[in-house]
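These are the residues of each chain, in order.
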Amino acid sequence: MYEFLRIALLNVFDPVTLIAIATGVTIGIIIGALPGLSATMGVSLLLPITFGMDPSVGIPMLMALYCGAMYGGSISAILIHTPGTPAAAATCLDGYPMARRGEGGIAIGFSLIASFCGGIFSALALLFIAPPLSKISLLFGPPEYFCMGVLGLSLIGTISQKNWVKGLMSGSIGLFIATIGMDLLRGIPRFTFRNLNLLSGVPLVILLIGLFSVSQALIMIEKKITENVQALKISGKILPSISELLKIKKTILRSSILGTIVGAIPGTGGGLATWVGYNEAQRNSKDSHLFGTGIPEGVAASEAANNAVTGGALIPLLTLGIPGSSCTAVVLGGLLVHGLRPGPKFMTEYGDLSFTLIISLFVANIFMLLIGYLFARAGVYITKVKDEVLAPIIIVLSIIGAYAIGNSMFDVQLMLFFGLIGYVMRKFKFPMAPIVLGCILGPIAETGLNQSLLISRGSLSIFMTRPISLILLILSVLSLGSAIYKDIKSK
Amino acid sequence: MGFKLSMKSHRIIALILFLSASYLYITSLSIKYLPSIIFPRIILMFIAFLSLLLFFDIGKITTDKDSFKEDIFVNVNYSKLIITIVSTIIYVRMIEIIGFYSSTFMYLVWLLFYINKKKIKMNIMIPIGVVTLFYVIFKIWLKIPTPIGVFI
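Sequence lines, in order, name chains A and B.
Numbering that gives the first Met the number 0 puts the first residue of the first sequence at 0, with every later residue one more than the last.
Numbering that gives the first Met the number 0 puts the first residue of the second sequence at 0, with every later residue one more than the last.
Everything labelled a hint here was simulated from the structure, so no lab data went into it.
There may be inaccurate statements among the hints.
From the derived model, a few chain B residues whose C-beta atoms are all more than 12 Å from chain A [to be verified]: (1) L18; (2) I119; (3) M121; (4) F150.
Cross-link-like lysine to any residue pairs, in silico, SDA-like; alpha carbons within 20 Å at most [claimed, not checked]: (5) K118/B with L474/A; (6) K426/A with K118/B; (7) K426/A with V135/B.
Interface residues of chain A toward chain B, partial, derived using beta-carbon atoms under 7 Å [what the hints assert, rightly or not]: (8) E2; (9) G51; (10) D53; (11) F175; (12) T178; (13) E221; (14) K222; (15) E387; (16) L389; (17) I392; (18) A403; (19) T446; (20) Q450; (21) L472; (22) L474.
Where is the CB? At the ideal position from N, CA and C, for every residue including glycine.
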């Protein structure tokens with residue numbers, strides 16, 4: 000491990016990598032600050048740029064963008080009461096009232112410091128949890144992989160979804176998309192409709208770019224009435240004092256822990272973390288009645304939680320090969336393009352790259368603090384960019400990204416097809432993240448099932464007789480059952 | 000013109016999903032080797048089951064109240080949306096004929112003029128700037144291939 004750490008430090012502190020991380024953070028903050036663009040979209044648009052880079056440069060750049068975007072969303076949340084990303088939704092509640100009182104600068108400052116603390120905490124959690132967890136995951140065999148797929152799907156279909164049927168539907172559609180192409184074990188083509196281009200299946204990156212970027216561009220362009228939004232000015236100091244920060248240290252720590260845990264659960268992400276952090280802070284605060292009126296504690300609670308997702312979401316990715324959020328699903332796509340497959344052996348076979356990713360998170364958060372502070376007052380200009388100007392540019396970037404995967408216009412057409420599907424699904428409130436995770440978990444679950452049945456000669460008891468797989472199955476049933484029960488009870 | 004996200008629209012989506020799952024299931028019957036097709040068939044049956052739940056709103060457990068309050072297409076400019084989609088399809092076809100950067104420039108100019116009719120300077124300067132930037136980043140710096148046609 001120490002040898003990997005040494006190589007990782009050399010990789011990260013290489014000038015090229017540092018420039019890449021700084022660039023990623025800057026682009027991330029800009030993308031995050033633009034309402035309508037999400038971190039996932041930003042990462043999927045930047046992905047093609049990393050194809051020509053070494054993975055130890057390109058992948059940290061993507062993670063840096065993720066960190067930057069998670070913080071950047073708070074800028075528009077505070078200045079124009081519109082979250083730049085779904086992860087900044089809770090920040091609006093206290094950030095905007097602070098800005099209206101002329102405290103926009105300090106609100107951004109609290110957001111920046113809290114985001115930094117959340118990001119560093121989750122990077123530390125990643126550093127200390129991932130290596131031992133990867134050793135446990137070496138105990139996983141085919142039955143455990145299948146059960147893990149089932150658990151992942153039950154979680155993504157039910158957690159954070161208002162409608163569990165739509166969540167499961169999205170997950171199932173993702174599972175089905177993963178079956179298109181040649182069967183992994185027997186090489187029999189499935190659902191290719193005699194199209195040779197589909198023999199290798201639907202590339203994950205094509206699906207991601209279509210679902211997240213193109214569909215969002217269509218949503219940005221469709222608006223009949225374009226609101227002329229006036230951003231509030233940033234006046235006064237930016238950075239809070241040490242004493243002001245110490246008053247909310249417990250809130251920041253609690254939110255960081257919660258954000259890391261949420262991030263580690265597949266299918267969740269900043270959107271859930273921000274509300275979990277905010278609600279828990281309000282519940283545990285002496286001044287709970289002041290939440291929503293414009294207090295720094297509210298801003299810090301949501302921002303620490305959403306940035307803590309970044310490291311948390313890498314824990315299942317690096318140890319089990321399952322992304323904790325849709326952003327890390329794109330990172331997974333980036334690794335796959337470079338021929339690297341995250342999973343239980345990833346931290347041993349590619350330990351240098353794993354630790355490079357982990358160390359780069361620390362550096363990205365430091366850059367986020369510096370760049371965020373230096374350009375805090377410029378945030379007001381970013382919010383003025385019009386959706387209708389951005390949307391065509393996003394479509395063009397998506398086309399470059401799709402073409403760059405396999406130099407094929409068929410991939411571009413497929414990407415646009417999924418963009419239309421994504422648009423329709425979003426209009427009818429079907430969640431997107433379960434589709435992506437279904438696509439990733441599908442092959443894991445299917446291969447696990449097939450191999451398990453081969454080992455057990457067709458007996459399903461293999462899933463009940465192995466302790467880890469039994470526990471995973473029980474957790475799946477509990478997760479699904481609790482979601483259904485909660486839904487019935489609320490009606 | 001608005002389109003309420005009502006029970007009716009949920010039923011339409013549920014029906015489309017059910018019919019799609021059924022069609023794909025029937026397609027899978029041509030694959031004779033059962034171990035290869037059992038997993039996708041289970042998924043398709045599950046999708047069909049979920050779409051029935053959505054269609055009939057069994058026990059009122061499938062719907063969330065927020066969906067029905069919102070008019071999802073009330074602030075939608077249909078012509079803008081359709082023209083953008085059609086323009087994009089034409090643009091993609093043109094890429095292989097004319098070349099990526101040339102067709103991208105024309106696409107951006109056209110779309111920006113369509114959206115922002117009066118801002119002539121911006122509608123020319125932005126495409127020039129964007130295409131130049133993309134050329135420098137993707138062609139010169141990263142050497143990422145793009146389709147070449149008659150022009151670049």
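- Query: Regarding the hint that G51/A lies at the interface with chain B, is the smallest CB-CB distance below 7 Å?
  - Reply: Holds, about 4 Å.
- Query: Can we confirm that no CB of chain A comes within 12 Å of the CB of L18/B?
  - Reply: holds, 14 Å
- Query: Within a Cα-Cα threshold of 20 Å, do K426/A and V135/B meet the stated pairing?
  - Reply: Roughly 36 Å between the alpha carbons, so the hint for K426/A and V135/B is violated.
- Query: Holds or violated: is the Cβ of E2/A closer than 7 Å to a Cβ in chain B?
  - Reply: violated, 31 Å
- Should the hint that E221/A touches chain B count as held when the rule is a Cβ pair under 7 Å? Hint holds; E221/A Cβ to chain B Cβ min 4 Å, cut 7 Å.
- Query: Given the proposed pairing of K118/B with L474/A, does the C-alpha separation stay at or below 20 Å?
  - Reply: violated, 58 Å
- Do the numbers back the hint for A403/A, that is, is its least Cβ distance to chain B under 7 Å? holds, 5 Å
- Per-residue hint verdict: D53/A, partner chain B, C-beta under 7 Å: Constraint on D53/A not satisfied, violated at 12 Å.
- Message: Interface hint check: T446/A, Cβ to nearest Cβ on chain B, cutoff 7 Å. Holds or violated?
- Response: violated, 10 Å
- Task: Check the non-interface label on M121/B: least C-beta distance to chain A beyond 12 Å or not.
- Result: About 8 Å separates M121/B from the closest Cβ of chain A, which leaves it inside 12 Å; violated.
- Decide, holds or violated, for the assertion that all CB atoms of chain A are farther than 12 Å from the CB of I119/B. holds, 14 Å
- Task: Classify the hint on L472/A as holds or violated, based on whether any CB of chain B lies nearer than 7 Å to its CB.
- Result: violated, 16 Å
Against the hints set out earlier in the document, violations occur for numbers 3, 5, 6, 7, 8, 10, 16, 19, 20, 21, 22.
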